[in-house]
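Colleague: These are the residues of each chain, in order.
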Amino acid sequence: MSIKTEEMVLNMGPQHPSTHGVLRLELTLDGEIITKVVPHIGYLHRCFEKHCEVMTYPQVIPYTDRMDYLAAMGNELGYVIGVEKLLGIQVPERVEYIRVIMAELQRIASHLVAIGTYGADIGAFTPFLYCFRDRERILNLFEITCGARLLYNYIWIGGLSHDLHPDFVRLTKEFIREFKPNLKELNNLLTFNKIFIDRTANVGILPLETAINFGITGPMLRASGLKWDLRKDDTYSVYDKFDFEIPVGSGKMGTVGDSWDRYYVRVLEMEESIKIIEQAIAQLPDGDVTSAIPKKIKPPVGHIYSRVENPRGELGYFIVSDGSTSPFRVKVRAPSFVNLQIMDELCRGHLVADVIAILGSVDIVLGEVDR
Amino acid sequence: MKEYFNNIFTALLTIFVGMKVTLRHLFTPSVTIQYPDVKILLPERERNRLYVNMDDCIGCDQCARACPVNCIEIETVKSLPGEDLGKTSNGKKKALWVTKFTIDFAKCCYCQLCVFPCPTECIYMTDVYEFSEYDRNNLIYNFATLTEEQRLEKIENFRKFSEEKEKQKSQAQKSE
Amino acid sequence: MKSFEEISELLKNNFSDIQFEFHPEAKFEPYILVPANKIDTVCLFLRDNNDLYFDSLINLSAVDDFNGNKIKDPQGNEIMQGGTMSIYYHLESIKFRHKLLVKVIVDRDNPSVNSVTSIWNCANWHEREAFDLFGINFNNHPDLRRILMPYDWEFGHPLKKDYQNPEFYQGMRVPY
Amino acid sequence: MIYDFLYNLTGSSVLAGFLIALLPLFAFILPFALFAVLLERKVAGHIQDRLGPMRVGYHGILQTIADIIKLVQKEDIIAKENDKLFFNIAPVLTFVGSYAAFAVIPFSSIFLGAKIDLGIFYIIAVTGLVVAGILMAGWASNNKYSLLGAMRSAAQIISYEIPTILVVLSIVMMTGTMSLFDLSENQTGYFWNWYILGGPSMSLQKFLLIPFMLIGFLIIYISTLAEVNRTPFDIPEAESELVSGYHTEYSGMKFAMFFLAEYANMFAVSAIVATMFFGGYQSPFGYLGNSLNMSWLIPLEQFFWFIFKGIFFVFVQMWLRWTLPRLRVDQLMAASWKYLIPIAFVNLLIIGFITLI
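For the record, the sequence lines run as chains E, P, V and L.
Mapping of the first sequence onto the working numbering: position 365 corresponds to residue 373, and the numbering continues sequentially without gaps.
Mapping of the second sequence onto the working numbering: position 19 corresponds to residue 21, and the numbering continues sequentially without gaps.
Mapping of the third sequence onto the working numbering: position 42 corresponds to residue 272, and the numbering continues sequentially without gaps.
Mapping of the fourth sequence onto the working numbering: position 52 corresponds to residue 292, and the numbering continues sequentially without gaps.
For the record, the hints were derived by calculation from the structure and aren't laboratory data.
There may be inaccurate statements among the hints.
Below, in silico cross-link-like pairs of lysine-lysine (DSS-like), each with a Cα-Cα straight-line distance of 30 Å or less [claimed, not checked]: (1) LYS260/E to LYS4/P; (2) LYS188/E to LYS202/E; (3) LYS109/P to LYS188/E; (4) LYS93/E to LYS329/V; (5) LYS242/V to LYS268/V; (6) LYS329/V to LYS240/E; (7) LYS304/E to LYS167/P; (8) LYS325/V to LYS93/E; (9) LYS300/V to LYS391/V; (10) LYS329/V to LYS268/V; (11) LYS58/E to LYS390/V; (12) LYS188/E to LYS282/L; (13) LYS192/E to LYS22/P; (14) LYS329/V to LYS58/E; (15) LYS188/E to LYS260/E; (16) LYS304/E to LYS391/V; (17) LYS283/E to LYS22/P; (18) LYS391/V to LYS303/E; (19) LYS93/E to LYS235/E; (20) LYS162/P to LYS95/P; (21) LYS303/E to LYS167/P; (22) LYS167/P to LYS96/P; (23) LYS283/E to LYS391/V; (24) LYS181/E to LYS283/E.
Since we're looking at a predicted model, the values are computed, not measured.
Construct the complete structure from the given sequences, taking the supplied hints into account.
Modeller: Below, the structure written as structure tokens:
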């Protein structure tokens with residue numbers, strides 16, 4: 009006779025130490041094995057899209073920072089590229105280079121948070137603090153340039169709010185020189201640690217077809233084996249002037265597309281970003297950064313979809329303008345919003361401890377999910 | 003069988019490698035500072051609390067329009083022709099009495115959009131970041147320099163002045 | 231890599247019964263207008279045809295065109311009658327690296343369109359968001375309920391242009 | 241020793257027995273717990289490039305006292321649905337489990353609770369109480385997370401007792417005695433007489449034993465780590481999943497008891513490992529007392545060396561805690577049943593053969 013076991017519903021969140029923000033995961037458990045995961049979002053919904061309709065074009069930029077607050081430069085870049093295409097402005101070369109440097113520094117900072125919290129979720133607390141110690145140095149670089157550490161309002165339509173700080177280049181070189189050994193040390197401490205590998209390899213395997221069908225982008229898609237990066241495949245800004253590879257998941261420690269691959273792709277991406285920054289600093293032209301900022305921003309009627317490779321995936325802005333000074337409609341394709349849908353697929357059949365490991369590897373930011 | 007011993011070997015090896023890393027960090031000097039006693043010197047472009055230099059402010063309302071969250075409120079009263087309101091630092095003649103200039107720092111999002119359009123650069127961001135309050139209303143800073151009765155007096159003068167002008171205009175129309 | 235014209239040719243001769251509207255002249259993004267009830271058959275064809283192979287839906291965005299006639303409702307705030315809403319489907323083929331924009335126009339009063347979740351799972355939450363914020367209901371969508379707003383929010387759909395904020399929601403004052 | 245001294249001091253055996261039971265608690269465990277909590281936070285801080293507590297007292301010395309005062313004056317919440325009886329007994333039981341083990345641990349040749357022959361056997365039996373205490377705590381808190389945490393930690397402690405017992409068996413088989421006092425006495429002289437290096441007698445047997453003693457030490461150290469719920473086996477109070485497991489519902493003094501029990505257990509466990517493998521209170525380089533022939537100095541030196549070894553092993557436990565991530569429940573069980581127990585058995589077998597030569 010079969011023992012009557014009924015399933016236990018466990019609510020993880022919205023206030024939970026490791027859900028990276030206000031996300032509620034409703035897990036139906038059979039013993040410790042997960043049968044269904046229902047994410048409930050909307051706790052951090054601040055109606056970004058409604059705000060855009062009453063703000064002028066430049067006033068929307070501080071709001072874009074607050075969506076993915078760990079990669080604010082990337083958000084601003086996406087929005088500003090879209091509006092510049094609408095207006096048909098061509099920004100000076102120096103602005104493009106500074107934007108690339110800032111976006112890549114932001115990618116390293118955001119990946120450091122992703123890797124640090126992932127280690128903390130699995131239980132290793134020390135790498136979390138090492139990552140944040142390195143991230144502080146990047147935030148200081150942002151602070152001397154535009155004054156803010158997290159929400160910058162630095163990339164404007166047609167240029168930048170400030171030019172680079174005089175000793176920005178020296179400090180960035182110093183940061184890169186000290187960051188490389190730290191990265192190697194992090195690998196020794198966490199990446200190749202047997203317990204970490206046991207906890208993450210072959211956990212939450214994402215096959216390539218389901219990834220494409222679910223519209224997954226960013227490190228998660230690359231970890232499943234597809235070499236797809238907007239900086240190379242749909243080049244924007246001056247990314248075509250630098251040579252850098254796109255790290256792809258290779259199933260070194262388990263199968264292709266498991267949580268360890270997603271983690272390791274982010275580590276490799278940081279090394280690539282360092283290469284880009286070094287080349288960008290070497291070829292940094294000079295010029296004025298505020299020359300192309302238009303006084304009156306009134307784009308023609310029309311709609312445009314601009315997209316940028318953010319640390320979490322493809323961030324797209326669908327901007328509809330009706331010819332007035334404020335956008336008629338701005339729809340944001342947030343990478344975390346799309347990547348979160350896969351949680352149910354990934355977590356089925358795993359244990360409760362694995363949900364934390366998988367959620368950490370998916371790396372979502374709730375500000376971006378709920379907008 | 004081989005995989006069994008390989009597991010044990012890699013486990014022990016990686017644990018000892020990890021321990022070597024943390025041991026080395028045990029003796030590296032710490033990067034943190036003791037905040038209340040030691041304070042970091044902030045860079046000069048720091049964006050924390052706004053400050054408005056009132057004798058340069060000509061009440062042009064540019065900053066209030068540029069602010070995305072409308073946290074700046076300005077009320078101005080036209081000055082009578084005779085009155086002399088003094089000059090701003092860069093020599094521009096002031097024509098408006100700024101009777102009310104409040105910034106609500108509970109709403110301000112520190113985006114610095116108000117600093118750039120100001121013609122006389124009288125509004126700028128300082129690096130003061132320790133200004134938390136117990137009551138939210140204390141965060142509404144009033145920068146206007148006129149006292150309460152001066153404010154009323156200015157409004158009063160302007161109302162009288164505009165009435166006289168109305169009378170003169172109506173007489174002028176009657177006389178035509 | 232198929233250009234916009236080739237894709238339109240392919241669509242035209244495969245679906246002779248459906249009347250498309252092709253807009254290659256739209257300045258930034260040429261798009262194809264598809265009737266609301268045929269969207270899922272067209273999208274299935276777009277995905278499965280092996281030289282189009284649109285295997286990934288980048289973005290599904292709804293826009294309230296707000297082009298009906300304004301009338302005053304009893305409480306005095308204005309309500310839109312008639313008019314249309316449009317839904318934009320941004321498709322992309324990773325294999326052939328070409329993109330396509332498909333537009334669907336639904337009428338504003340009771341907008342309904344066929345769901346494409348069965349074709350691309352990614353559309354599931356996008357459609358739920360469009361339903362939540364615009365009120366467009368997608369036929370045979372797996373579980374069409376609100377996603378960003380509270381589940382029991384019965385004051386209409388926030389992103390519509392004529393949306394009025396409720397005074398109270400479960401005893402909490404809503405306007406800031 | 242101590243008992244006779246106290247007996248003729250107080251005259252009544254009941255009072256002497258009572259005093260001897262209190263001696264380890266007040267004389268050692270409480271000060272050790274104060275020091276260990278501060279040590280943990282300082283070690284964690286410095287490993288993570290920060291300073292740890294610095295504000296209370298000079299360089300944070302008084303931090304633990306501040307913690308204890310805070311915990312004592314905190315309200316001791318007992319929820320309505322809690323099972324009152326078990327809820328209150330649980331912390332006492334866990335503390336008693338770890339505190340009772342101190343009765344037989346030889347701090348030095350004269351500071352010794354009870355010199356009973358079944359030393360190790362008694363310790364293993366007594367630490368079984370901790371499991372009962374944890375299960376009670378988990379069940380009585382009447383919430384899903386605590387129940388899951390308690391189940392897991394019970395399974396973990398039981399399945400890690402087997403490798404401990406096997407290694408203890410191999411030591412007992414080799415030395416022939418179960419009393420911790422005799423064990424420490426056999427390892428006199430310099431450090432090469434310790435069991436980790438094959439025991440006191442200079443013979444082929446000693447050199448054969450060295451590798452297996454090392455394996456035995458590793459196994460028992462790992463399994464005692466699991467018994468004390470320290471990383472990488474701290475699944476019961478895995479913050480990220482179960483929001484701190486079985487003692488989620490506890491607050492105030494009861495939580496302090498759990499806290500104290502954990503640190504007392506940590507020291508008890510490292511003391512046992514030190515006694516069995518690293519020569520208990522024997523000093524590695526001979527005694528100052530002998531060379532200056534001040535015989536009363538020897539016990540004090542022994543006490544110092546014992547505390548030094550104990551705290552060194554406690555430090556290694558803390559060091560491990562801030563280096564390693566956490567194992568999943570099934571990997572934890574697999575580690576015990578598939579790796580530790582088979583190796584412990586083979587180790588036991590080989591040591592058996594060697595002792596027969």
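Colleague: For each hint, tell me whether it holds in the structure or not.
Modeller: These are the hints, each one checked on the structure:
1. LYS260/E to LYS4/P: holds, 19 Å
2. LYS188/E to LYS202/E: Satisfied, since the Cα-Cα distance of roughly 23 Å is no more than 30 Å.
3. LYS109/P to LYS188/E: violated, 41 Å
4. LYS93/E to LYS329/V: holds, 17 Å
5. LYS242/V to LYS268/V: holds, 14 Å
6. LYS329/V to LYS240/E: holds, 16 Å
7. LYS304/E to LYS167/P: violated, 37 Å
8. LYS325/V to LYS93/E: This hinted pair holds, its Cα atoms lying about 26 Å apart.
9. LYS300/V to LYS391/V: holds, 11 Å
10. LYS329/V to LYS268/V: holds, 20 Å
11. LYS58/E to LYS390/V: At roughly 9 Å apart (the allowed maximum being 30 Å), LYS390/V and LYS58/E satisfy the hint.
12. LYS188/E to LYS282/L: Roughly 28 Å separates the two Cα atoms, so the pair holds.
13. LYS192/E to LYS22/P: Holds: LYS192/E and LYS22/P sit about 13 Å apart, inside 30 Å.
14. LYS329/V to LYS58/E: Status holds; Cα separation ~28 Å.
15. LYS188/E to LYS260/E: holds, 22 Å
16. LYS304/E to LYS391/V: Holds, at about 25 Å.
17. LYS283/E to LYS22/P: holds, 29 Å
18. LYS391/V to LYS303/E: Cα-Cα ~28 Å, so holds.
19. LYS93/E to LYS235/E: holds, 27 Å
20. LYS162/P to LYS95/P: At roughly 23 Å apart (the allowed maximum being 30 Å), LYS95/P and LYS162/P satisfy the hint.
21. LYS303/E to LYS167/P: violated, 37 Å
22. LYS167/P to LYS96/P: holds, 22 Å
23. LYS283/E to LYS391/V: Outside the cut-off at roughly 47 Å; violated.
24. LYS181/E to LYS283/E: Holds: LYS181/E and LYS283/E sit about 11 Å apart, inside 30 Å.
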